[in-house]
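Respectively, the protein sequence lines represent chains Y and U.
All letters in the first sequence, in the order written, are residues 58 to 239 by the numbering used here.
All letters in the second sequence, in the order written, are residues 43 to 465 by the numbering used here.
Derived from the structure by calculation, the hints contain no laboratory data.
Don't take every hint at face value.
[As the list claims (entries may be wrong)] DSSO-like, lysine-lysine: derived pairs with alpha carbons at most 30 Å apart:
{"id": "1", "chain 1": "Y", "residue 1": "LYS134", "chain 2": "Y", "residue 2": "LYS219"}
{"id": "2", "chain 1": "Y", "residue 1": "LYS219", "chain 2": "U", "residue 2": "LYS331"}
{"id": "3", "chain 1": "U", "residue 1": "LYS264", "chain 2": "U", "residue 2": "LYS322"}
{"id": "4", "chain 1": "Y", "residue 1": "LYS190", "chain 2": "Y", "residue 2": "LYS134"}
{"id": "5", "chain 1": "U", "residue 1": "LYS353", "chain 2": "Y", "residue 2": "LYS190"}
{"id": "6", "chain 1": "Y", "residue 1": "LYS134", "chain 2": "U", "residue 2": "LYS461"}
{"id": "7", "chain 1": "U", "residue 1": "LYS461", "chain 2": "U", "residue 2": "LYS114"}
{"id": "8", "chain 1": "U", "residue 1": "LYS353", "chain 2": "U", "residue 2": "LYS114"}
{"id": "9", "chain 1": "U", "residue 1": "LYS331", "chain 2": "U", "residue 2": "LYS264"}
{"id": "10", "chain 1": "Y", "residue 1": "LYS219", "chain 2": "Y", "residue 2": "LYS190"}
{"id": "11", "chain 1": "Y", "residue 1": "LYS219", "chain 2": "U", "residue 2": "LYS322"}
{"id": "12", "chain 1": "U", "residue 1": "LYS264", "chain 2": "U", "residue 2": "LYS353"}
The chain contents come next:
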Amino acid sequence: MFMRKSVSMLVIAAGVVTLGVASIGFAADAPANPVALGSPITEAQLADWDLIVAPDGHNLPEGNGTAAQGQAVYQQKCAACHGAGGEGASGSPALVGGSVSTTPPLLTVGSYWPYASTLFDYVRRAMPPTAPKSLSNTEVYQVTAYVLHLHGVIAENFVLDKNTLPAVQMPNREGFIDVSAN
Amino acid sequence: MDTKNNPEYVAGNGLIHRRHLLGLGLAGIGSMAAGSALGADAGMLSIPAWSKAPGNGPSEYGAPSPFAANVKRLAGGPSATAPGSGVSRTPLHLLRGTITPNSLHFERHHSGVPAIDPAQHRFVIHGLVRQALSFSYEDLLAYPMVSQIYFLECSGNSGANTVATAGDTNAAAIHGLLSCAEWTGVRLSTLLAEAGVTDAAAWITATGADAASMGRSIPLSKALDDVMIALYQNGEPIRPEQGYPMRLFVPGWEGNVSVKWLTQIKVTDAPAHFRDETSKYTDLLPDGKSLQFTYPMGVKSVITSPSGQMKLLRQGIHEITGVAWTGHGAIRRVEISADGGRTWADAHIEAGQQHLALARFRLPWQWSGAPAILQSRATDSSNNVQPGRDSWMAAYNSANRYHYNAIQSWSVSAQGDVKNVYA
Numbered sequence: 058m059f060m061r062k063s064v065s066m067l068v069i070a071a072g073v074v075t076l077g078v079a080s081i082g083f084a085a086d087a088p089a090n091p092v093a094l095g096s097p098i099t100e101a102q103l104a105d106w107d108l109i110v111a112p113d114g115h116n117l118p119e120g121n122g123t124a125a126q127g128q129a130v131y132q133q134k135c136a137a138c139h140g141a142g143g144e145g146a147s148g149s150p151a152l153v154g155g156s157v158s159t160t161p162p163l164l165t166v167g168s169y170w171p172y173a174s175t176l177f178d179y180v181r182r183a184m185p186p187t188a189p190k191s192l193s194n195t196e197v198y199q200v201t202a203y204v205l206h207l208h209g210v211i212a213e214n215f216v217l218d219k220n221t222l223p224a225v226q227m228p229n230r231e232g233f234i235d236v237s238a239n
Numbered sequence: 043m044d045t046k047n048n049p050e051y052v053a054g055n056g057l058i059h060r061r062h063l064l065g066l067g068l069a070g071i072g073s074m075a076a077g078s079a080l081g082a083d084a085g086m087l088s089i090p091a092w093s094k095a096p097g098n099g100p101s102e103y104g105a106p107s108p109f110a111a112n113v114k115r116l117a118g119g120p121s122a123t124a125p126g127s128g129v130s131r132t133p134l135h136l137l138r139g140t141i142t143p144n145s146l147h148f149e150r151h152h153s154g155v156p157a158i159d160p161a162q163h164r165f166v167i168h169g170l171v172r173q174a175l176s177f178s179y180e181d182l183l184a185y186p187m188v189s190q191i192y193f194l195e196c197s198g199n200s201g202a203n204t205v206a207t208a209g210d211t212n213a214a215a216i217h218g219l220l221s222c223a224e225w226t227g228v229r230l231s232t233l234l235a236e237a238g239v240t241d242a243a244a245w246i247t248a249t250g251a252d253a254a255s256m257g258r259s260i261p262l263s264k265a266l267d268d269v270m271i272a273l274y275q276n277g278e279p280i281r282p283e284q285g286y287p288m289r290l291f292v293p294g295w296e297g298n299v300s301v302k303w304l305t306q307i308k309v310t311d312a313p314a315h316f317r318d319e320t321s322k323y324t325d326l327l328p329d330g331k332s333l334q335f336t337y338p339m340g341v342k343s344v345i346t347s348p349s350g351q352m353k354l355l356r357q358g359i360h361e362i363t364g365v366a367w368t369g370h371g372a373i374r375r376v377e378i379s380a381d382g383g384r385t386w387a388d389a390h391i392e393a394g395q396q397h398l399a400l401a402r403f404r405l406p407w408q409w410s411g412a413p414a415i416l417q418s419r420a421t422d423s424s425n426n427v428q429p430g431r432d433s434w435m436a437a438y439n440s441a442n443r444y445h446y447n448a449i450q451s452w453s454v455s456a457q458g459d460v461k462n463v464y465a
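With the sequences and hints as input, model every part of the structure.
This is the structure:
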């Protein structure tokens, strides 16, 4: 690394070669970067590292799980904080039940979240808070199924996998107004 | 009082024209202030002890005076269920000027501050690019950089004033999720150009290396505009609690999208709908629908002195001062009222970088000892005017705590006690 960079800097300093790569696509007429130090990497090298799961199911891993299987995972790894039935407790939010139209509203995975992918994505990256990323992909599928089942979104034996998860219809799917273009 | 010393009142309840801040007629006003309060120490002056013995020598990293030890963040206690999670707030009422010292910049963590070794840290751009690239910290240090002063405000800032009863708290507790610093770093557009964004790209998703792997989606148009990968904060390497060794900085937008400990930018055709842009950081409306991706922070101002829980110790001239900011350009005007919004006067706004930065405003005020309600109202270069509390509340569900930018009211009692009120 150090060698490569030193050489690059010397070359730039001497003004001999521009290391920037000509861009195609968005910046076709932008000048090439005078400094271009990124090391090429492949998506395959990022397979275990990129945790982002999109609503369309992009990047969901292999594996599957049902709510029936997820109950044990949930009781062991989640219930102490989120309650035996997902009702929440002091310091930890409810995961199921509730409604956007009560006063005050109770916003939960079940009553509020527009996509099931977000549940898989968030639990895999951030839960439980004391040991994030400690669950296997199978456990994440199972416990995701269990939480969705607790709210009545899917049946107990519905098999959640990379094909079925994106098709799960969340109750508040139409509840959001995208103002990103404003 | 002769006419030369007569302050030029410009609005009700004692507001004085801002030109009196600039030296004109200050003699008269100054003597009024002196007459009523200063002079308490009258008597012979003696040489103090610190002038008679050498003090400490230079140090490697400075610290505030022990006598200024009260100037600190308002930090919440540890969370039992979410270790490392929480906030600390900038003590706005104890600062003057516009730049937040690094040790006092507000914090919001979702799973604590990771202890990142920059030599091991990797920043990757991938997804809809011609060539995915990995950068080390050292790599980024070699790029051309830009320096800009920007405010950063949490989307939940001031949410305390959305609850039904006004809390008897101070400016830090209500508005302290707001800071302003000079950020230096590499333009994201430079690195995206190196990776070569493809035609299908429309969004980026940014993820941090903290234990929660906090992620947010940002439209590509903004990413190519003024977004930077910040490496320096007020000239020194950014602090761990601000994302060391690197953070995304998204000027003018809700703080949460300026992802700290930045490790991943995945270029995509659509937002990821992360938990922190669906479950959280969405703004519930009265009808139960929610606004999603409400990025820019609205035009806003707050009087930081006098402010909540302060006490005015004398009648006479006080400087009303505070900060104003907007995610839609620059602050053009700040008006002050001392009579609960019946009459208004223009405050003086200090010169300096105004675009997406804090503006400092000031106005002299003659306090007669009568009760007063102090308010400030900002207008920005896009002609947005800071709303009153009632109209803001009417626009959202009463449970919404995000993007509260309504006018702050501080009441001053006849005893001089300053209190947070809804007016």
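These are the hints, each one checked on the structure:
1. Y/LYS134 with Y/LYS219: holds (23 Å)
2. Y/LYS219 with U/LYS331: The hint holds at about 29 Å.
3. U/LYS264 with U/LYS322: Judged against 30 Å, a Cα distance of about 21 Å means the pair holds.
4. Y/LYS190 with Y/LYS134: holds (12 Å)
5. U/LYS353 with Y/LYS190: violated (50 Å)
6. Y/LYS134 with U/LYS461: Distance ~45 Å between Y/LYS134 and U/LYS461 Cα, so the pair is violated.
7. U/LYS461 with U/LYS114: Since the Cα atoms of U/LYS461 and U/LYS114 sit roughly 21 Å apart, the hinted pair holds (cutoff 30 Å).
8. U/LYS353 with U/LYS114: Distance ~19 Å between U/LYS353 and U/LYS114 Cα, so the pair holds.
9. U/LYS331 with U/LYS264: holds (25 Å)
10. Y/LYS219 with Y/LYS190: holds (19 Å)
11. Y/LYS219 with U/LYS322: It holds: about 25 Å lies between the C-alpha atoms, which stays within 30 Å.
12. U/LYS264 with U/LYS353: violated (44 Å)
Checked against the numbered hints above, the structure violates hints 5, 6, 12; every other hint is satisfied.
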